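Peer 1: Letter by letter, the chains look like this.
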Amino acid sequence: MIQQLVDGVLVGSFLSLGAIGLTLVMHILRFANFSHAELLSIGAYVALVFDKLFEALLPVFATKIGPLSMDWALVLALFASIGITALSAVVIDRLVFARVREKGGELSMVFASFGMALIIRNVIGLIFGLQSVLYSDEIAFAMVLSRDPLLLVKPDQVFVLIAALAIMVGLHFVLSRTTFGFALRAVAENPALAQIHGVNLKRMIMIVWLLGGGLAAAAGVFYGLSYQISPVMGRDLVLPIFAATIVGGIGSVYGAVLGGFVVGIASNIALSILPSGYSPSVPFLMILLVLLIRPHGLFGEARA
Amino acid sequence: MIGVISYLVFFSTVAAILAIAVLGLNLQWGNTGLFNGGVVASFGAGAYGTLLLGGSAQAGHLGGYELAYPVALLGGLIFAGVLAWVIGVLTLRLRHDYLAIATFGVAVAFENLMRNATWLAGGAQGLRGFERPLRQTLGDGFLYNVAFFAFVLALLVLTYVFLERLTASPFGRMLRAIREDETAARSLGKSPSRARLVAFVTGSVIIGLSGALYATFYAFVSPQDILPILTFQIWAMLIVGGAGNNRGAMFGAFLIWGAWSVSGWALARFAPVEAQLFTGSIQFILIGAVIVGMLLWRPQGLFPERLIVSQPGDFSTTKP
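Each protein sequence line maps, in turn, to chains A and B. Each residue of the first sequence is one higher than the one before, starting from 1 at the first, in the numbering used here. Each residue of the second sequence is one higher than the one before, starting from 1 at the first, in the numbering used here.
Treat the hints with caution; some may be incorrect.
To be verified - Listed next, with one range per pair, are the computed distances between beta-carbon atoms: (1) D148/A to V71/B: 33 to 41 Å; (2) A117/B to I127/A: 46 to 54 Å; (3) V9/B to L289/A: 44 to 52 Å.
What the hints assert, rightly or not - Over the 12 Å line for every Cβ pair with chain A, so calculated as not near, a few chain B residues: (4) V82; (5) R95; (6) L99; (7) R135; (8) L143; (9) F151; (10) Y160; (11) A268; (12) R269.
Unchecked claim - Residues of chain A clear of chain B, computed beta-carbon distances all greater than 10 Å: (13) L5; (14) V60; (15) K64; (16) G66; (17) L68; (18) A80; (19) A112; (20) F114; (21) D137; (22) P149; (23) L152; (24) V153; (25) T179; (26) Q228; (27) I269; (28) G277.
I should point out that these hints are in silico values taken from the structure, not numbers from a laboratory. Small disclaimer: the values here were computed from a predicted structure and weren't measured. Each residue gets a CB set at the ideal place from its N, CA and C atoms; glycine is no exception.
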């Protein structure tokens, strides 16, 4: 049970990162973006490309970092990927969502996001092949934290958790201490009133996409480090990430963080009860449970 | 020649079956503005329900009640309706996109359950042992397929007439009123959440009918038949045809199913061997591109909704 709990916390760390971006987009642009999880795939694959590139160009960086299976090239690639994925989120918005937004209602955007998810996922499959890949072929041995009860943790997982928590703490300070953070919260509360007070709505939307894309890239790389990268990882992650936003309450960044950990832990504990084949259903059951008990999530507010 | 005709009958049967599902979705999305992200859940509920009730006994899982076909069909539709009702009750009073997420989730969970629960409906092996109705009299050949096509076509026409009358009725006007301005509809004493629930369940039952016919046609259903791509295909059909327009919806079903079949055939025939593995990906990209492209360049579809004005004034003289 403790093993499941620990694994759940580790899964929760990248679910939370994905959910923060999604909850911001859902709150400010008011649509459920089904292509958000594809940003995680983009991030993971961009990092893979840059990882190989840096390793080839600068062999110095191809050395492992301590006990981790990742090398310095991947750390650099992570930053490159955050930048490129953030930009691609903005580009996708400019090309598709912004135009649909001007023409139709919020639900047309949901349609468009499904279409975009289908396109992105399969283009990635065409380019990189349908099989799954790893950042490093070396086997990362798990550390035995305790023998009774048996508790195994891989060094990579510890790194992922620490890095994710660091990103979240950084984000917390940005949102609660900077003018940008206040402007973002103002836009989320009331876009029209925020504009009257001189907040540039178009720029805020762009920054939300940059933020969501960057966090998704980090989440995608962390997912790839913990498991493996595959073109269908977006398909497998879309429901858990939605579950995290709904558990936390749409629009709440802190709710998304907590929701990610709740979903991660619950999915892993459910695996010790249910056969593992049922794991894709667990996020859906959690959504149903939240809708039954507390429809607006832990930190959400009622809003039509 | 007989080969071509027999393929055309086969093609038209599947397209007509899918057209019924598109009509059901049109009631939800086109007329009421409800986003159903899990069309396959209703489709699968109708398919599995009918085969479980009407099939012969199979070792290792439920089913084999061998009910008469109309009873089995009705059971499948009720199953689809109950499933939609549960989802609708939970989500329709919330923000619009909760329905999208919950329906998407139910489709994933339904496919997941059917794939894993071997004791329930055969798991990944699918559900066999179903005797197609009237097989004794009509045999298995061309005659049966023509008769079945006529049966599907009759149900398609019936569904079309039912929906046309429903949307022209006061209830249909109320649905459009709610879609356009919920607050205004509420101020007139209408209950949006109840009307939405009725429309959602009715649409899902129609989609369930489509699934039941699909399963009857193949006398088999497996988790492979209820993959999420079917939801996207049915959407593409509705968006291309024109949301809110029943004739457009049916036209879209034939057009997209035709394009899907032709593209699949062309890729299998002309694509190099090493690219064959990716034909699925290419077709999925095409469906995604059709959805996004239509939303960008012609959101009203090929056949836009004809807006009915209840008391038409003489607009010809008052043009600005």
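Peer 1: Of the numbered hints stated previously, which ones are contradicted by the structure, given in increasing order?
Peer 2: Violated: hints 1, 2, 5, 6, 19, 20 and 28.
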